[in-house]
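Peer 1: Chains as they are written, first to last, in the numbering used here: chain A, 1 to 597; chain B, 1 to 597.
Do not take every clue at face value.
For identical chains, the list gives no copy identity; a pair is met inside one copy or between any two copies.
[To be verified] Below, computed lysine to aspartate or glutamate pairings styled on EDC-like, alpha-carbon distance capped at 16 angstroms:
(1) Lys219 with Glu574
(2) Lys217 with Asp537
(3) Lys391 with Asp409
(4) Lys154 with Glu574
(5) Lys595 with Asp11
(6) Lys563 with Glu41
(7) Lys301 with Asp137
Note that these hints are calculated values from the structure, not bench results.
Model, not experiment: these values are computed from the prediction.
Read off the chains here:
2 protein chains.
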Amino acid sequence: MSKILRIDMSDLSHKWEAVPKEYEILAGRAFTSAVVNKEVEPMSHPLRENNMFVISPGLLAGTPAPSSGRLSVGAKSPLTGGIKEANAGGLTADRLARIGIRGIIIDGAPSRGSKDWYSIVVRKDNCEIVKTNNYADKGLYELIGKIWKDYPVKPGIIGCGIAGQRLMKCAGVFGNNPENTDPGRYAGRGGLGAVLGSKRIVAIISDSTGGEIPTPKDKERFDRGRKALREALDKHPVTGKLTSDDGKPFGGLKNYGTNILQNILNEAGGLPSMGFSSGRFDGAAKISGEAVHELVDKTKKKFGDAAEASYAHACHPGCVMRCSNAVPYEKTGKLHVSPLEYESAWALGTNLGIGVLHDVAELNRLCNDLGLDTIEAGNTLAMLMEGGLIKYGDGPGAIKALKEAYSTDSALGRLVCSGTQTAGEALGVTRIPVVKGQALPAYDPRPIRGIGVTYATTTMGADHTAGYTIAAEILGIKGTVTDPRALNKAELSRAFQATTAYIDATGYCLFIAFCILDDDDGFKGMTDSVNGFLGKDIDVTEYGMAILKNERAFNKNAGFTEKDDRLPEFFRTEPLPPHNVTFDVTDAELDAVFKGM
Amino acid sequence: MSKILRIDMSDLSHKWEAVPKEYEILAGRAFTSAVVNKEVEPMSHPLRENNMFVISPGLLAGTPAPSSGRLSVGAKSPLTGGIKEANAGGLTADRLARIGIRGIIIDGAPSRGSKDWYSIVVRKDNCEIVKTNNYADKGLYELIGKIWKDYPVKPGIIGCGIAGQRLMKCAGVFGNNPENTDPGRYAGRGGLGAVLGSKRIVAIISDSTGGEIPTPKDKERFDRGRKALREALDKHPVTGKLTSDDGKPFGGLKNYGTNILQNILNEAGGLPSMGFSSGRFDGAAKISGEAVHELVDKTKKKFGDAAEASYAHACHPGCVMRCSNAVPYEKTGKLHVSPLEYESAWALGTNLGIGVLHDVAELNRLCNDLGLDTIEAGNTLAMLMEGGLIKYGDGPGAIKALKEAYSTDSALGRLVCSGTQTAGEALGVTRIPVVKGQALPAYDPRPIRGIGVTYATTTMGADHTAGYTIAAEILGIKGTVTDPRALNKAELSRAFQATTAYIDATGYCLFIAFCILDDDDGFKGMTDSVNGFLGKDIDVTEYGMAILKNERAFNKNAGFTEKDDRLPEFFRTEPLPPHNVTFDVTDAELDAVFKGM
């Protein structure tokens, strides 16, 4: 991956550059965050011409390393006002890696008042910026089908939907599924879909025709590493194979997907429900991964191969964990939505008090079609409930509200896409669960303090993936669970945040973490594959901390202080049932996470 | 004024305290800002129980000093997240001063989920916290009439309307007019009406029965000072008498009110119109102070004493400037709205492209009735126009949108009360004219740079009254106009900000500034009256800077940095017709205003 593609949307020009020395070992999040920190004016408006949109496939994308095809996108976030990296599976990382592209940097915007929409088509040694007004203002299911017809080489596609085109802060960056025209792969968080919209870009289409598999510098080490990691993943109970040798369900993610967590968190009393007012939800089991597993089995039994149902498909080429599901209608066997992740089922179900699986699936499908981050959209819907416009538990009411978002002149439709903080403040809500303007995900920080420390201190705004201490506090590492109620979590969160930043750069899916934390051979497999690919030894923590340093520098220059590293007041004053605890981590402990950085 | 009344809304208790030594010479803004900085936790949520609402009559309120009856209210602002002081005329300052109250400090809130509404009745040595559910959810014209019937002693009333009761960020603190039941006196800015709403207080009713005129420490100096100031005010062309000796219109404010500025700013090309996209407005003359003057004259001619029309009435007892107007319907002679100030006519007219006087008057009346700050509400309506929900210039459309605010379940109705930034962000607008979350008033900072420096650097969020450099840059001081386009405005803005803080503490109306800047005898009259009242010499600038220091300390502790002392990006990148200039003041110049503070 030796090239950088620079695009200037103010004059629709582009140019190619060699990867400069300073970015030599940077890819994925390491690349996007370095570029954003170096090149984006920190005080620029995130939805005007001075922001940039940066794309980078993870370091090992396109290689045979297992589950290494993640794509990072980065920009100044319209949701947080700070730096943002979001990553997802899909096809684009693979396609870009194969045609040697380390990153795409999109600057500028068409002049104010411009009505045209564009798509960017990237091929080997070739880039076109095409006027595609016929791609705009369309649901994404339709759009991706159309693009795959217009470009019949199964290109990777990322872009923004109606929400991003209207500069809404819930807008994610969609990616297409590997095997169908569903817009199910989201680099969802931070409103980066709106940044694409502000540049009047609907889609970025990556065609790898004529490309080749990237070559490791030290092939032997790379191969040794990737095989060791693969082996470790296959035998781990979270990431392992579908069934054990005796035919029983084995790998948790393959059988139940990420939504295996629904019942676990409910049991732990850390499942935020009804707008973060309880840690338990009566309806959890009905929308859990187990419920989807059962529905898939039933539907397959009834419709055989015709059933559009699955609980073990891959979100990107080469993924061995295959945690994605496809939720069918039981009556017809046809697909309702794919995937239904834990965070989505939580945001659009649990947190709204909605325990009806197909209401939740429908909300998720609408989010996918509109181009919305499910976590932010779900939390935004919770604000509409908290503010009295919809009742908690009213699935049809929530669906109706979300459908308003297609309309161009509905105040409700805009509000529902505007993000948790904006909608909450518009409705006079004083229990707005955000950090740095971004909504909290599916783990309540009151009974599980480490994840609260991550929410508060990550550069990203509240984000579980930035330092997933849940692995230690709920699931356990090497058989030991760290007390979730303990308050000394600065070191734990920092270690997770640094390692995560490293993983987000490699292209590996974060879910390898379950395995590499438990299995030293797996960890060494990961580092060998990365170091073998680069032909040099890099230190996981140092590399990760360098990324965080760039991100913290950007945020500081954008006006952030330690006061932004705090949870909302109500987490400190309203105890959460059933454990009836508040978030008692001191400010000093929060500030200790990145002391001196 | 020797007493402080402390109220705790969590248990509906109250207690009286003597004024402590440290607050001895503090009143008005000096008092509210000192208390907020000392007692409010800077990171508290502005609409939850840990915020406080502080009330203080200006130092000379209740005395015969001319135009000295302003009331300050203060809190952490839900609009800016920083400290806030807003002040207004009305009756309350007079009433409280006469019963010896220096300040009222309201802490706590009824428990979450409480449905009851309260009013606070303050009398000489007596305070009642009364359950008044029948006062809630009412238009303010009706409410004030009702309160004056329930308390037939013409009490001062301040409180919040429907907007504040629903915790909307456009909510101002209303005050009643001296002579009728109109809610025309607003301590409008910063959303402080919502702070009252969060404490479930509808009204604070001040009855001065049995009270007395406050006694100056040095009566001779006080009397000398107030008389000199009065004399200077009377002869100044801005603040002077209605007609000159030859019967011609003389005093600008008495004849045309604050809205005399409409044509002046239009002429200067600094009148922001159509969402800060031009510095001129075709319809300006039709909604100007001159137009109101003419309408009043016509109506009086037709209906004589029955006409509810005026262009020279006082907003508080003892005001000699009498700049308030009462806009009648020409056909019936009945009152449409009172007053129609420059900022309101601009926000609800010019900036929306609405040049129809009675559309603007109707919007203003609706704001008064709902309990909305006209500047914030007008800018919020502009966001609805910028975002495509209403067309610029559509008066009936704007009126219809604002009427939605009475409904409890209208998303549009909430949006229209939610403040410029929230509404703008909900609608994907990237030209949101706010500083620290508060909307800009009626002077474009691009052609008039000093006021831009004030907008950017004041502790209050964009606020012309915080340092009204327009006096120097447009109107001129002692015959000299400071070039509005010059960039070295740090010192000018700082001097205005310090003097303003002093005036806001004294109870004097800020409009004495026109006179005291031009007339050294007037200035000495002001200081003599204050120093005579206190019986000690205080320095105007030192006293003012001490107030600003408290305010800046609070904001810093709430997480503000110099990055918050900036105008939105579009003022730097979009030139304003007709002068086609951008806001070119450097960040260094902005930071120079309070360097080292």
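Peer 1: Hint by hint, note whether the structure agrees.
Peer 2: So, going through the hints one by one against the coordinates:
1. Lys219 with Glu574: Answer is neither: 55 angstroms inside a copy and 54 angstroms across each miss the 16 angstroms cutoff.
2. Lys217 with Asp537: Within one copy only: 12 angstroms inside a chain, 80 angstroms across chains, cut-off 16 angstroms.
3. Lys391 with Asp409: between (23 angstroms within a copy, 11 angstroms between copies)
4. Lys154 with Glu574: Classified as neither: same-chain Cα gap 50 angstroms, cross-chain 42 angstroms, threshold 16 angstroms.
5. Lys595 with Asp11: Close neither inside one copy (43 angstroms) nor across copies (41 angstroms); limit 16 angstroms.
6. Lys563 with Glu41: Result: close only across copies, 13 angstroms inter versus 22 angstroms intra.
7. Lys301 with Asp137: neither (39 angstroms within a copy, 58 angstroms between copies)
When the structure is compared with the earlier hints, violations turn up for hints 1, 4, 5, 7 and for no others.
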